[in-house]
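Asker: As a plain string of letters, each chain reads:
Number of protein chains: 2
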Amino acid sequence: MTQTAEPATTTADDTANRWFADFEAALRARDVAAAAGMFATESYWRDLVSFTWNLKTVEGREGVTELLEHTLESTDPSGFVLDEPADEADGVVTAWFRFETAVGRGRGLLRLIDQDGPKAFTFLTTLYELKGHEEPRNEHRPMGAEHGANKQRKTWKEHRQQEAESLGSTMQPYVLVVGGGQGGIALGSRLRQLGVPSLVIDKHPRPGDQWRNRYKSLCLHDPVWYDHLPYLKFPENWPVFSPKDKIGDWLESYVRIMEVPYWSSTTATSATWNPENEEWVVQVEREGQPLTLRPKQLVLATGMSGKPNLPDFPGMDVFKGDQHHSSAHPGPDAYAGKKCVVVGSNNSAFDICGALWEHDADVTMVQRSSTHIVRSDSLMDLGLGDLYSERALAAGVTTEKADLIFASLPYRILHTFQIPAYEAMAERDKDFYQRLEASGFDHDWGDDGSGLFMKYLRRGSGYYIDVGAADLVANGDVKLAHGQVDHLTEDAVVLEDGTELPADLVVYATGYGSMNGWAADLIDQETADRLGKVWGLGSETTKDPGPWEGEQRNMWKPTQVPHLWMHGGNLHQSRHYSLYLALQLKARLEGIDTPVYALQEVHHTG
Amino acid sequence: MTQTAEPATTTADDTANRWFADFEAALRARDVAAAAGMFATESYWRDLVSFTWNLKTVEGREGVTELLEHTLESTDPSGFVLDEPADEADGVVTAWFRFETAVGRGRGLLRLIDQDGPKAFTFLTTLYELKGHEEPRNEHRPMGAEHGANKQRKTWKEHRQQEAESLGSTMQPYVLVVGGGQGGIALGSRLRQLGVPSLVIDKHPRPGDQWRNRYKSLCLHDPVWYDHLPYLKFPENWPVFSPKDKIGDWLESYVRIMEVPYWSSTTATSATWNPENEEWVVQVEREGQPLTLRPKQLVLATGMSGKPNLPDFPGMDVFKGDQHHSSAHPGPDAYAGKKCVVVGSNNSAFDICGALWEHDADVTMVQRSSTHIVRSDSLMDLGLGDLYSERALAAGVTTEKADLIFASLPYRILHTFQIPAYEAMAERDKDFYQRLEASGFDHDWGDDGSGLFMKYLRRGSGYYIDVGAADLVANGDVKLAHGQVDHLTEDAVVLEDGTELPADLVVYATGYGSMNGWAADLIDQETADRLGKVWGLGSETTKDPGPWEGEQRNMWKPTQVPHLWMHGGNLHQSRHYSLYLALQLKARLEGIDTPVYALQEVHHTG
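So the sequences go chain by chain: E and V. For the first sequence, the positions run 25 to 630 when the working numbering is used. For the second sequence, the positions run 25 to 630 when the working numbering is used.
The reader is advised that the hints may include incorrect statements.
All copies of an identical chain are treated as equivalent in the list; a pair is satisfied when it fits inside any one copy or across any two copies.
Straight-line Cα separation of at most 27 Å, BS3-like style, residue types lysine-lysine; simulated pairs [to be verified]:
hint, residue 1, residue 2
1, K454, K181
2, K175, K362
3, K175, K331
4, K503, K175
5, K181, K240
6, K567, K227
7, K567, K175
For the record, the hints were derived by calculation from the structure and aren't laboratory data.
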């Protein structure tokens with residue numbers, strides 16, 4: 025390629041602007057090869073809805089070529105423009121930008137490296153609104169008062185009452201969201217702002233109960249800056265780690281403030297797709313009364329930590345003490361002085377062991393496989409601090425920007441960014457890890473040293489964010505046993521090697537199953553199999569078999585079961601990805617064409 | 025004074041920095057004359073707590089001299105520094121600044137004009153925090169989770185329960201706030217953040233009922249940007265004008281989210297100062313149970329629109345129809361086809377007439393004195409738009425800045441800033457005012473043409489923010505009668521001129537009394553007289569007799585009754601001035617010396 029003599033003072037803006045101009049010109053000319061040629065040999069384009077009507081990461085010029093060949097014409101992109109001054113550091117030009125498509129408006133983040141001139145290394149394009157369907161906020165917020173004199177006036181309260189009465193009876197929701205935890209609530213608020221008639225249903229008596237009902241000492245393990253819901257952020261005096269009841273109360277207030285259409289005490293018992301009417305027929309029980317709902321779209325937001333994995337050990341039927349899955353653990357109050365055996369060594373196990381010990385129980389943790397532990401403050405500082413913290417905010421990294429920065433790091437290489445952070449944590453907490461390992465605890469850093477977040481993304485398990493209980497294991501206050509459980513007796517847990525652990529209480533901190541288990545329960549096994557395993561990246565690491573997916577399996581995007589969607593994740597993901605799912609649903613409601621590029625194949629059923 | 029040759033490029037920053045340097049030097053040297061000499065001949069220094077432990081506006085060099093002579097030594101101010109680049113426009117340099125005192129940190133706004141060199145025209149100094157008692161927010165927010173292992177752990181929920189159980193029994197609040205509307209709630213949240221043990225009590229069953237119980241069609245007349253509460257702003261999709269039930273729900277959620285210590289269904293029946301124990305003895309009824317509270321400080325936040333002014337006309341006892349004060353009006357539902365006479369022509373009267381008309385009642389408004397009307401959208405645009413609007417936010421005028429800008433305009437000259445805005449409104453809505461006056465409506469623009477906000481500040485009455493009902497009067501749909509009421513008969517209202525208005529319903533939209541009426545009810549008349557009239561500026565305009573006060577009588581500052589304070593105002597004032605009142609109370613709790621400069625004398629008792 026010809027080397028032009030660049031003026032000595034080419035700024036980052038110049039570089040980015042030139043790239044956008046050339047890229048847009050290629051797109052306008054429908055010159056896919058030219059557009060693809062603007063990407064580096066190793067490169068990643070992640071599109072959230074705007075081009076692909078999917079959540080899709082493609083790699084290299086081949087990936088870009090295929091994506092554009094399939095989507096360029098219908099997307100008709102234009103107006104690529106810098107959103108603020110570009111940044112240059114360590115040879116990488118980073119540029120926030122906006123653009124338009126035929127039906128929407130997008131924003132994204134570009135990283136350019138020098139490879140015979142500036143080439144895209146990572147390119148994130150996201151849809152943030154649909155033309156003609158902009159959310160009513162800021163200068164477009166609703167008036168609230170209907171000024172003037174109007175004999176047909178209905179007050180806000182009357183509107184709300186009328187809505188509540190007709191929803192599910194004379195008016196069917198377009199979208200039914202099953203599960204009213206943070207995921208369902210965040211999605212419900214987005215859908216309402218987009219004017220999509222929706223309904224969120226939840227089995228508990230009050231929004232927030234999913235948290236209230238957890239063990240007594242539970243607080244969120246992710247810090248507040250990471251946890252905001254859409255539209256209404258926690259105030260600046262909200263605690264760093266929300267106590268469970270406080271987050272429960274927040275969710276309850278949020279549902280009311282954001283007018284999320286929400287039915288408590290409502291269980292979905294079955295759902296069947298009716299192809300003639302093109303709707304789901306969903307049987308629910310609302311406060312004990314049976315009811316049929318007929319949404320066009322069904323979203324399961326039933327929670328990753330939703331469907332308990334209860335083991336089936338011989339002797340569970342003869343054991344005389346208390347036994348339950350960690351999700352059903354009531355807390356330590358009844359167990360002072362009792363022998364407690366907790367099977368499992370990840371988050372729930374540690375929280376429960378810690379609380380039991382504080383309540384003077386005799387506690388043994390049974391570790392069956394290795395666990396990755398990181399200290400909460402180290403994770404907060406070194407893991408999240410650049411994006412989600414007071415210092416991030418002070419540096420201009422808003423929650424919205426942080427979410428997009430995070431989203432712009434390709435899953436394929438995300439671990440490489442994580443490894444140094446975890447090495448730093450290992451160094452910072454060297455003493456702690458020495459003591460932990462000296463106690464016999466089997467500790468890991470993830471298959472490739474990439475630590476907690478990758479474990480979370482790949483398998484949603486296998487870690488503990490330490491808020492103090494790990495020291496109890498390290499110093500022996502909580503006893504440690506190793507190995508698989510063989511069977512239970514009337515009063516003990518017996519391991520494979522014969523070790524007998526006398527027990528008044530056994531807690532199975534044995535995790536949760538893939539979310540398509542909910543689909544099996546609600547719809548049928550065939551549909552669950554067609555949907556396939558939910559969550560994971562296909563990284564060929566423990567519990568995340570290949571092939572490579574490139575995105576979270578089945579989350580927030582079209583699935584192999586038309587009209588069936590999965591939503592959820594942690595508070596950050598619920599917040600961020602609810603936007604893209606809501607936009608996809610809104611587009612379908614409005615009859616906007618949504619040609620899905622590269623609908624993901626299913627490789628695993630659970 | 026010697027003219028120095030100024031460099032051609034003296035910036036606004038230079039000017040401001042030079043002034044602050046000189047001012048601080050004079051203060052440090054305790055050279056009051058020099059400091060006063062830095063003010064223009066017509067000038068205003070408004071101090072909110074930082075120097076005066078009062079809310080105090082002084083005028084001219086004499087005023088500055090007196091203020092400094094009394095406060096300079098104990099305040100020990102320093103560290104005056106620009107907070108951001110200064111602005112220069114129309115010969116005025118405007119500078120945001122920070123400073124310190126012996127016990128606190130302050131921020132303010134300075135306006136410099138050229139009068140033989142730069143002189144202060146307006147100077148606002150405000151206290152925003154006390155050293156050593158900073159609010160726990162942002163990087164100092166509470167952790168929430170107590171990390172580590174602790175056998176004595178109390179969860180958040182247990183702390184809250186313990187607090188609720190002990191408050192008012194084993195633990196007396198330092199501050200008791202009587203009245204749990206927006207004023208009590210805003211103050212309660214500030215006090216909690218400052219760690220002042222407090223309690224807010226309210227007679228209604230739920231926070232927000234003060235709004236829910238109002239007439240059906242009521243929405244806030246002030247736009248959302250003006251109405252935020254402290255700490256937790258309305259989300260960006262909140263309606264411009266909150267419907268009453270929605271604001272009621274917000275207040276209820278806010279109390280919970282901000283952990284405001286709040287007792288509903290609680291009425292204060294008497295309060296007596298006990299000089300031996302230096303505490304108030306307050307008898308309350310909580311859900312019917314009598315209880316004694318012993319706060320050191322008593323705040324009445326019972327509302328400007330709290331104590332109804334019910335007239336006493338002859339014949340009220342013989343009238344056979346419904347009659348009630350506007351505050352007790354249930355709404356129009358029972359009055360379709362009925363003859364309704366509404367006595368009064370201000371906000372409540374218009375709202376009620378409008379709602380009755382929409383419900384097919386036969387409505388007559390009795391206008392007894394002139395009313396100032398401004399259309400809601402014009403007020404929003406031309407009256408508030410520069411400070412409280414989307415465009416203000418886009419221009420970098422945050423709510424906090426807007427409040428300080430507003431506070432920096434001296435009450436003495438505020439009307440001069442207002443007059444042009446109202447002239448603009450008169451022009452914009454010329455057609456409307458012509459029609460209104462053609463109907464015989466007696467319209468005014470305030471005594472000096474300064475419009476609504478001055479009427480509000482001076483007398484808290486005499487206006488209507490038109491949201492549509494004025495057109496009904498203008499076009500005759502709502503009939504108009506003029507004059508004082510002479511008496512009632514069994515079925516009519518009879519005016520002084522003999523006009524007989526048949527009536528099934530009479531609504532006395534006759535306003536509210538001075539808030540010291542609450543003090544008379546709760547404490548005794550002597551105390552109420554010692555406290556004096558509440559509200560008003562002493563402007564010698566209608567219902568605001570002189571002498572000039574310079575600040576709102578008795579609001580948010582020390583009164584002639586030690587340990588008795590008045591809080592309230594509209595949502596903007598509740599938000600902003602709750603900070604200063606909370607800081608004054610915190611200082612007293614902590615034993616910080618609070619020498620009050622120029623405690624206001626009482627000139628009127630009601």
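Asker: Which constraints among the numbered hints does this structure fail? Numbers only, ascending.
Answerer: Result: hints 1, 3, 6 and 7 break, sorted rising.
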